[in-house]
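First to last, the sequence lines map onto chains A and B. All residue numbers for the first sequence refer to the working numbering, where the first residue is 1 and numbers rise by one. All residue numbers for the second sequence refer to the working numbering, where the first residue is 1 and numbers rise by one.
For the record, the hints were derived by calculation from the structure and aren't laboratory data. If you're wondering where the values come from, they're calculated on a predicted model, not measured in any experiment. Fair warning: there could be bad hints in the mix.
[Unchecked claim] In silico SDA-like pairs for lysine to any residue, Cα to Cα no more than 25 Å straight-line:
1) B:Lys-17 / A:Pro-81
2) B:Lys-34 / A:Val-133
3) B:Lys-34 / A:Met-15
4) B:Lys-252 / A:Ala-62
5) A:Lys-10 / B:Glu-16
6) A:Lys-10 / B:Thr-18
7) B:Lys-17 / A:Ile-54
8) B:Lys-17 / A:Leu-306
9) A:Lys-11 / B:Thr-18
10) B:Lys-44 / A:Leu-47
11) B:Lys-17 / A:Lys-327
12) B:Lys-34 / A:Asn-309
13) B:Lys-34 / A:Gly-259
14) B:Lys-34 / A:Arg-19
15) A:Lys-49 / B:Asp-35
16) B:Lys-17 / A:Ala-396
17) A:Lys-3 / B:His-13
18) B:Lys-311 / B:Pro-290
19) B:Lys-34 / A:His-38
20) A:Lys-49 / B:His-13
21) A:Lys-49 / B:His-14
22) B:Lys-34 / A:Leu-285
23) A:Lys-28 / B:Val-32
24) A:Lys-327 / A:Leu-285
25) B:Lys-44 / A:Pro-81
26) A:Lys-29 / A:Leu-16
27) B:Lys-17 / A:Lys-29
28) B:Lys-44 / A:Arg-19
29) B:Lys-34 / A:Ile-54
30) B:Lys-17 / A:Leu-16
31) A:Lys-2 / B:Thr-18
Residues per chain are reported as follows:
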Amino acid sequence: MKKGVNKYIKKAREMLAERERYIKQEVKKMRFDTIAVHGLYSVTEALEKNQGAIIEPIFMSASQAFHDSDEMEAALSYAIPAWTYSRIHNPSISYFEEVLALLEGYGFDGSTGCCATSSGMSAIASATEPFLVKLKKKAREEINFVSTCQVYGGTFQLFNVRRMEERGIECRWVTNPNDIDQWSKNIDKNTRFLYGELPSNPGLVFFDLKKVIDLAHEHGVPFIADSTIATPALLRPITYGADIVVQSVTKTLTASGFGIAGAVISRKNIVSNIPNDAMREDFALYLKQLPNRDIGWCLSPMQAILSLNDIRTLRTRIDILSQNTMKVAKFLEGHPKVAQVNYLGLESHPLYEVASKYLWLVDAEYDERYQMPVNRYGHLLSFVVKGGINSARKMADNLKRIWRATDLGRIKSVITIPAISTHQQMGACARCMACIPSGLVRLCVGGEHPDDIIADLDHALRKVGGK
Amino acid sequence: MHIETNIVHGGVHHDEKTGAHVPPIYMTSTFVFKDVDHGARLFKGEEEGYIYTRLGNPTIDLLAEKMALLESAEAGLVFASGMAAVFAVILASCHSGDHIIVDKIIYGGTYTLCQNVLPRAGISTTFASPGDATQIKAAIRPNTKLILIESPANPTLKINDIAYIAELCHQHKIMLCVDNTFATPYLQRPIELGADIVVHSATKYLGGHGDLIGGIALGKKDFIESMFKMVARDIGGCISPINAWLILRGLKTLAVRMERHCANAMAIARFLKSHPKVERVYYPGLEDHPGHEIAKRQMRAFGGMVGFNLKGGREAGKILMNSVKVCTLAVSLGDTDTLIEHPASMTHCGYSDSDLIASGIDPGFVRLSVGIENIEDLIEDLKQAMSKI
Numbered sequence: 001m002k003k004g005v006n007k008y009i010k011k012a013r014e015m016l017a018e019r020e021r022y023i024k025q026e027v028k029k030m031r032f033d034t035i036a037v038h039g040l041y042s043v044t045e046a047l048e049k050n051q052g053a054i055i056e057p058i059f060m061s062a063s064q065a066f067h068d069s070d071e072m073e074a075a076l077s078y079a080i081p082a083w084t085y086s087r088i089h090n091p092s093i094s095y096f097e098e099v100l101a102l103l104e105g106y107g108f109d110g111s112t113g114c115c116a117t118s119s120g121m122s123a124i125a126s127a128t129e130p131f132l133v134k135l136k137k138k139a140r141e142e143i144n145f146v147s148t149c150q151v152y153g154g155t156f157q158l159f160n161v162r163r164m165e166e167r168g169i170e171c172r173w174v175t176n177p178n179d180i181d182q183w184s185k186n187i188d189k190n191t192r193f194l195y196g197e198l199p200s201n202p203g204l205v206f207f208d209l210k211k212v213i214d215l216a217h218e219h220g221v222p223f224i225a226d227s228t229i230a231t232p233a234l235l236r237p238i239t240y241g242a243d244i245v246v247q248s249v250t251k252t253l254t255a256s257g258f259g260i261a262g263a264v265i266s267r268k269n270i271v272s273n274i275p276n277d278a279m280r281e282d283f284a285l286y287l288k289q290l291p292n293r294d295i296g297w298c299l300s301p302m303q304a305i306l307s308l309n310d311i312r313t314l315r316t317r318i319d320i321l322s323q324n325t326m327k328v329a330k331f332l333e334g335h336p337k338v339a340q341v342n343y344l345g346l347e348s349h350p351l352y353e354v355a356s357k358y359l360w361l362v363d364a365e366y367d368e369r370y371q372m373p374v375n376r377y378g379h380l381l382s383f384v385v386k387g388g389i390n391s392a393r394k395m396a397d398n399l400k401r402i403w404r405a406t407d408l409g410r411i412k413s414v415i416t417i418p419a420i421s422t423h424q425q426m427g428a429c430a431r432c433m434a435c436i437p438s439g440l441v442r443l444c445v446g447g448e449h450p451d452d453i454i455a456d457l458d459h460a461l462r463k464v465g466g467k
Numbered sequence: 001m002h003i004e005t006n007i008v009h010g011g012v013h014h015d016e017k018t019g020a021h022v023p024p025i026y027m028t029s030t031f032v033f034k035d036v037d038h039g040a041r042l043f044k045g046e047e048e049g050y051i052y053t054r055l056g057n058p059t060i061d062l063l064a065e066k067m068a069l070l071e072s073a074e075a076g077l078v079f080a081s082g083m084a085a086v087f088a089v090i091l092a093s094c095h096s097g098d099h100i101i102v103d104k105i106i107y108g109g110t111y112t113l114c115q116n117v118l119p120r121a122g123i124s125t126t127f128a129s130p131g132d133a134t135q136i137k138a139a140i141r142p143n144t145k146l147i148l149i150e151s152p153a154n155p156t157l158k159i160n161d162i163a164y165i166a167e168l169c170h171q172h173k174i175m176l177c178v179d180n181t182f183a184t185p186y187l188q189r190p191i192e193l194g195a196d197i198v199v200h201s202a203t204k205y206l207g208g209h210g211d212l213i214g215g216i217a218l219g220k221k222d223f224i225e226s227m228f229k230m231v232a233r234d235i236g237g238c239i240s241p242i243n244a245w246l247i248l249r250g251l252k253t254l255a256v257r258m259e260r261h262c263a264n265a266m267a268i269a270r271f272l273k274s275h276p277k278v279e280r281v282y283y284p285g286l287e288d289h290p291g292h293e294i295a296k297r298q299m300r301a302f303g304g305m306v307g308f309n310l311k312g313g314r315e316a317g318k319i320l321m322n323s324v325k326v327c328t329l330a331v332s333l334g335d336t337d338t339l340i341e342h343p344a345s346m347t348h349c350g351y352s353d354s355d356l357i358a359s360g361i362d363p364g365f366v367r368l369s370v371g372i373e374n375i376e377d378l379i380e381d382l383k384q385a386m387s388k389i
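Using the sequences and the hints given, assemble the complete structure.
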């Protein structure tokens, strides 16, 4: 390598070593809220690089200029951490990724990395795609993966149509993820990964995460978790051994609803039966530098900073939203027009025990108000109105404050009827398999005062006919 | 460098620390100090640096520097809106008890500011026609500090002889402020013609895409500094860094946009002039426009704004408004889209015909902010809408 190029590599190594030290000795010792607020953006960095700006700047620039051709060569060959071109990387995106990597890795000894994507679906697609590569020269190669069937409608479509129907990659659905035998029976030598969404949208299915992760690792394959509904404030699958976490950052992580964003977070040295060392060592970095560079589902720097700004208040927000939702769930449970309420925080829920094992408000023991571990169950619930789809529609049409929309995670309460919206494309049969009856209503409770939300629901439910 | 090159490159450098080709948006309200002494030095002005975005921000400063270069000014200050910029200029040049002269033909917002707000600050206004030396001399008082004009003026596209008025002002030690919103520095640079201050509604051609509100005032360094200290620092009125960044982005295509705006406007003016339902066309590019010769002298081309009177008055205007399909009914101007406004049925709908005429607006007057669409589509649209009258 040229001397000039080496000069840059040497400088970069010193920078990376200092960064490593800073993470290990300082950031890793900070509490969740501190990390959410600051990430790796320090006073030193602000002063040295960003004119002292206390908020991370929005680098709305397509490309990076270099001092000379040596630096360009070093950067483009990934010999130094540069950002080069915003499809590959960008300083603003970096701030955002560092925070998510640290939060998903909170309480985990090892290190984590993150690759931002343009949406939650592109996070799921990019987290799973590298495992579905052909390993043999044969024209047809049996490839499969195993997934809970209680997944978001978009994920179902990706697995079922794009992967299975169009590419012949078999998705083996697990209908009861708490039945470990069902998982086990589906795994064979051609299985590339296990996948689960928990809690699931909209059915609020939960399962014993640790058992499934251990099973995956026994078979030498990674476990990928969609942890969108829980967020790292309630659940960090990597601390239980999960290899990769996907987030639709659009949802609860960014309650403001300012845009679409996704992220893939992985721990170092994932378990995988794909013979690719770079991919195993640092999956997020590999994704960023190679497949996602070539595919191009990059995030906008503007969106990265807007999202980052929301994430800073995650823990307190989730705490309040969870408490509001619990109050609404209890109200619905006692309502004569409601046949069933699915909320993991209700003791009547069949998965209450297993959910309570995993869903904890992070750092509650250091919170002046609690001073001990506290369960919180998030702000998504679903319920069935007596009288089926027509009653559900009637109720939804009579709401005055709660928004009718296909959205969740907002600071504003939003209601959806999945069978005619978010989960319409998967068809009646698949909905049945995923426990989504036609009269199911999904409610994501926002930051309004819960009494007002209850009053709105009560008023709308009164309009529904019957006893 | 030629202005086209400065429009693209001028005043904006690559971010040295990160190499970003396009400078970042410093979306931060505040800036950190190295230590207490550093903060104290910044506050005392002993060291250059950023403290708080109302007082200065790297993204906003880039815009001010770039606009100063384009307008041949020493310095500039960016505001939340064009009106905030105009107000700051007046406040910075006058004390309570002072007097200003404002052109009779002026944007309505500026007119209202002078009528309703300035008296509360003890500043009085005389509205006069600054092209007329006797009128101006009669209006000048010992306490007159500023003359404010537009050229081309809103809405009748009146042309003011900037060099002539500047000389008149300087004979009486009065500052001349030119609102250069309609022309932009690509077409006309008032400071090169002798003006002391230039103001802009950056919302219009500078931003160019109708997605923001912003303003800027430019002039001598000491005036801009005193405007900052006397007005902006304490009153606020600062722009958001993201809007400043969007203006920087819009500015890059100013030259090409203005070329198309001007070409389309000229073609539309000619079309309207030959139309039987049109009584009169106001466009400085037409040879019979009273300011045509002056405009030719002080402007590179004649801008994208066209006004015209319909023979059928208020009713004809309403029909035209309701019949256009490509032109958009909206106030504001300078967007890529063609915007059409009929004061009698829109902004001035409360005025009777006689009130309108008294304020210099014909009931059949229509203002077009000609966009950069295909000219045949625009003329076709006006043609079909006119046929409904």
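These are the hints, each one checked on the structure:
1. B:Lys-17 / A:Pro-81: Holds, at about 14 Å.
2. B:Lys-34 / A:Val-133: violated (51 Å)
3. B:Lys-34 / A:Met-15: With Cα atoms ~21 Å apart, Lys-34 of chain B and Met-15 of chain A stay inside 25 Å; holds.
4. B:Lys-252 / A:Ala-62: With a Cα-Cα distance of about 15 Å, the restraint between Lys-252 of chain B and Ala-62 of chain A holds, given a limit of 25 Å.
5. A:Lys-10 / B:Glu-16: OK: Lys-10 of chain A and Glu-16 of chain B at ~20 Å, within 25 Å.
6. A:Lys-10 / B:Thr-18: Between Lys-10 of chain A and Thr-18 of chain B the Cα gap is close to 18 Å, so the pair holds against 25 Å.
7. B:Lys-17 / A:Ile-54: holds (16 Å)
8. B:Lys-17 / A:Leu-306: holds (23 Å)
9. A:Lys-11 / B:Thr-18: holds (15 Å)
10. B:Lys-44 / A:Leu-47: Holds, at roughly 19 Å.
11. B:Lys-17 / A:Lys-327: Given that 25 Å is the threshold and the Cα spacing comes to 51 Å, the pair is violated.
12. B:Lys-34 / A:Asn-309: holds (24 Å)
13. B:Lys-34 / A:Gly-259: violated (35 Å)
14. B:Lys-34 / A:Arg-19: holds (20 Å)
15. A:Lys-49 / B:Asp-35: It holds: about 17 Å lies between the C-alpha atoms, which stays within 25 Å.
16. B:Lys-17 / A:Ala-396: violated (53 Å)
17. A:Lys-3 / B:His-13: violated (29 Å)
18. B:Lys-311 / B:Pro-290: Status holds; Cα separation ~21 Å.
19. B:Lys-34 / A:His-38: At roughly 18 Å apart (the allowed maximum being 25 Å), His-38 of chain A and Lys-34 of chain B satisfy the hint.
20. A:Lys-49 / B:His-13: holds (15 Å)
21. A:Lys-49 / B:His-14: holds (13 Å)
22. B:Lys-34 / A:Leu-285: Outside the cut-off at roughly 33 Å; violated.
23. A:Lys-28 / B:Val-32: holds (23 Å)
24. A:Lys-327 / A:Leu-285: violated (42 Å)
25. B:Lys-44 / A:Pro-81: violated (39 Å)
26. A:Lys-29 / A:Leu-16: holds (19 Å)
27. B:Lys-17 / A:Lys-29: Violated. Lys-17 of chain B to Lys-29 of chain A sits at ~29 Å, over the 25 Å cutoff.
28. B:Lys-44 / A:Arg-19: Violated, at roughly 35 Å.
29. B:Lys-34 / A:Ile-54: Between Lys-34 of chain B and Ile-54 of chain A the Cα gap is close to 12 Å, so the pair holds against 25 Å.
30. B:Lys-17 / A:Leu-16: Status holds; Cα separation ~17 Å.
31. A:Lys-2 / B:Thr-18: holds (23 Å)
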